[in-house]
Amino acid sequence: MGQITLKAVRKSFGEVHVIPGVDLEIADGEFVVFVGPSGCGKSTLLRLIAGLEDTSAGQIMIDGKDATALPPARRGLAMVFQSYALYPHMTVRKNIAFPLKMAGLSEAEQAKKVDAAAAVLNLTAYLDRRPGQLSGGQRQRVAIGRAIVREPSAFLFDEPLSNLDAALRVTMRQEISELHQTLKTTMIYVTHDQVEAMTMADKIVVLNAGRIEQVGSPLDLYRAPDNLFVAGFIGSPKMNFIEGAEAARHKAHTIGIRPEHIGVGSGNWEGTVLLSEHLGSDSFIKVDVDGIGIINVRAGGELGIHHGNRIRLAPDADKIHRFDQAGKAIR
Amino acid sequence: MSSARTSLGRTVAAHAVLIAYTVIALFPVFVILINSLKTRKAIFGDPLALPLGKSFDLVGYQTVMKQGDFVLYFQNSMTVTVASLFFVLLFGAMAAFALSEYRFRGNTLMGLYLALGIMIPIRLGTVAILEMMVASGLVNTLTALILVYTAQGLPLSVFILSEFMKSVSNDLKNAGRIDGLSEYAIFFRLVLPLVRPAMATVAVFTMIPIWNDLWFPLILASAEQTKTVTLGAQVFIGQFQNDWNALLAALSLAIVPVLVLYLIFSRQLIRGITVGAVK
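Residue numbers (the UniProt record's numbering), protein chains in the order written: chain A, 1 to 331; chain B, 1 to 279.
Simulated from the structure, these hints should not be mistaken for lab results. Heads up, the beta-carbon is just placed ideally off N, CA and C, and yes, glycines get one too. One should not assume that every hint holds.
What the hints assert, rightly or not - What follows is a set of in silico ranges between Cβ atoms, one per label pair, in the way DEER data are often shown:
hint, chain 1, residue 1, chain 2, residue 2, range
1, B, L116, A, D66, 44 to 50 Å
2, B, F27, A, G132, 39 to 45 Å
3, B, F188, A, T124, 26 to 32 Å
4, B, F188, A, R10, 30 to 36 Å
5, B, G137, A, A108, 52 to 58 Å
Input sequences plus hints: build the corresponding full structure.
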């Protein structure tokens, strides 16, 4: 079980209201990602759920029971930290066994669970090393191993991949996703990287300045962002925003169109190419469109478009997002 | 043998400086050691000569063994030093942990108050301390010395250890909390092992002044039963004549236990001093 409910949870540090009030339902077995720019309160929210910070107001329910005042250890959750937080003076085996030892399990039971977790995470060969002798990816696996053996009702991940290099991050991302499919345990994952959010989540919670901007599946957020913030945050490269006459033509204050929803070759928009990045599979083209401004376009791979060319662009009419004065989506 | 990072000239110069400093530092100890093994006449005749042939004499050590109860004095010094060290490290680390880990009103003020003890010598309070010890009937007990030395060592210990404890990662302590450790377990099982080098540093800086102190044993515990080594050695200093052989022998012997303690801590100590610098 791992069903978590937040009811009007608030957190203030003195005069600063980091979380002004959050309501959220997390179902059992879900992979939920909290995503937002740095300083948006996503880590604080995770720490509130973990019990590492006290809530200023509101209620946290875990599996239907009020856990607001419970100490971290009694909430039945496990957490994986960005800095791994391994005990440097203990071997990998002792690190993983530590929560079990604290729970009072016998040596034999500890060994059985540690070996099982090590097998899942490919750590068997490293059990007698110390964290200092491991690479970043291995350390993170040990941290996950320490979380797994506790058989928690939910896993909390606090930017676990930020300290890894790009290639390793992709591998670990897949490993965590596979782990979720095997264990079928609730996971809450905090990141500032929208790619991680899109690829891993069942449900994304977009946070900004301590408020929830939108909650939904990755494709929901991609297809129908509720407001400018979510529209701009989800998707890479970023959505183009256009104000003024062109927006007024669509009866909106601002319109947004994703770079991948603009056709190249024909169309009503004409402009000069400022920059063209050829990635092989895609080309990212920055165009100064006459009367509209700078528009980013994601086009097919092997296009012969270069700096200074004049090209015509055709936005896909069905994929234009309209926003009102306050930045809310018009549907 | 010259490579990118070493040159013969520089190596020689560096070693010359280090050796010169070592000689200067060890010279007084050396003089004490050689003279403790000489006859009285030889000590005054040629203080820097080695104890060879006729000048060699163990009379100093024989006097020390016969006169007074030096085994007891050593025991007293050891008891006082080790017990004070234990309390300084325990209470110092606990206070440092509270100051570095918990946010509470007056935290900074409390830290400053504790650090004030580094600047004000405890001997200024000797009269008051003596009155207190008389009132509580602790005069001529080792307890009195242990209490005073614990108080003397705490400020530096709290100051150094709280700086080190701030450097222990918060995530690590939080991981411990989630794993079900109590605050005491976090302190004893996570934080203390990680600040061990700092503890060794504090131990050495605390231990040496306590072992060498003459002032408080003289005032608070001058009875035969509670004499420390430094105080015991004073019997050889007379009003008109000093027994140099015995005095030097006693001092030489007094170096040994503190040297052993130092060697125990020193491997940790070097890590403690350099840990922040080379990270």
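Outcome of the hint check:
1. Between L116 of chain B and D66 of chain A the beta carbons are some 46 Å apart, a value that agrees with the proposed interval 44 to 50 Å.
2. A beta carbon spacing of about 42 Å between F27 of chain B and G132 of chain A agrees with the range 39 to 45 Å that was offered as a hint.
3. In this structure the hint that F188 of chain B and T124 of chain A lie 26 to 32 Å apart at CB holds, the actual value being about 31 Å.
4. Here the CB-CB span from F188 of chain B to R10 of chain A is close to 35 Å, well matched to the stated 30 to 36 Å.
5. In this structure the hint that G137 of chain B and A108 of chain A lie 52 to 58 Å apart at CB holds, the actual value being about 56 Å.
When the structure is compared with the earlier hints, no violation turns up for any of them.
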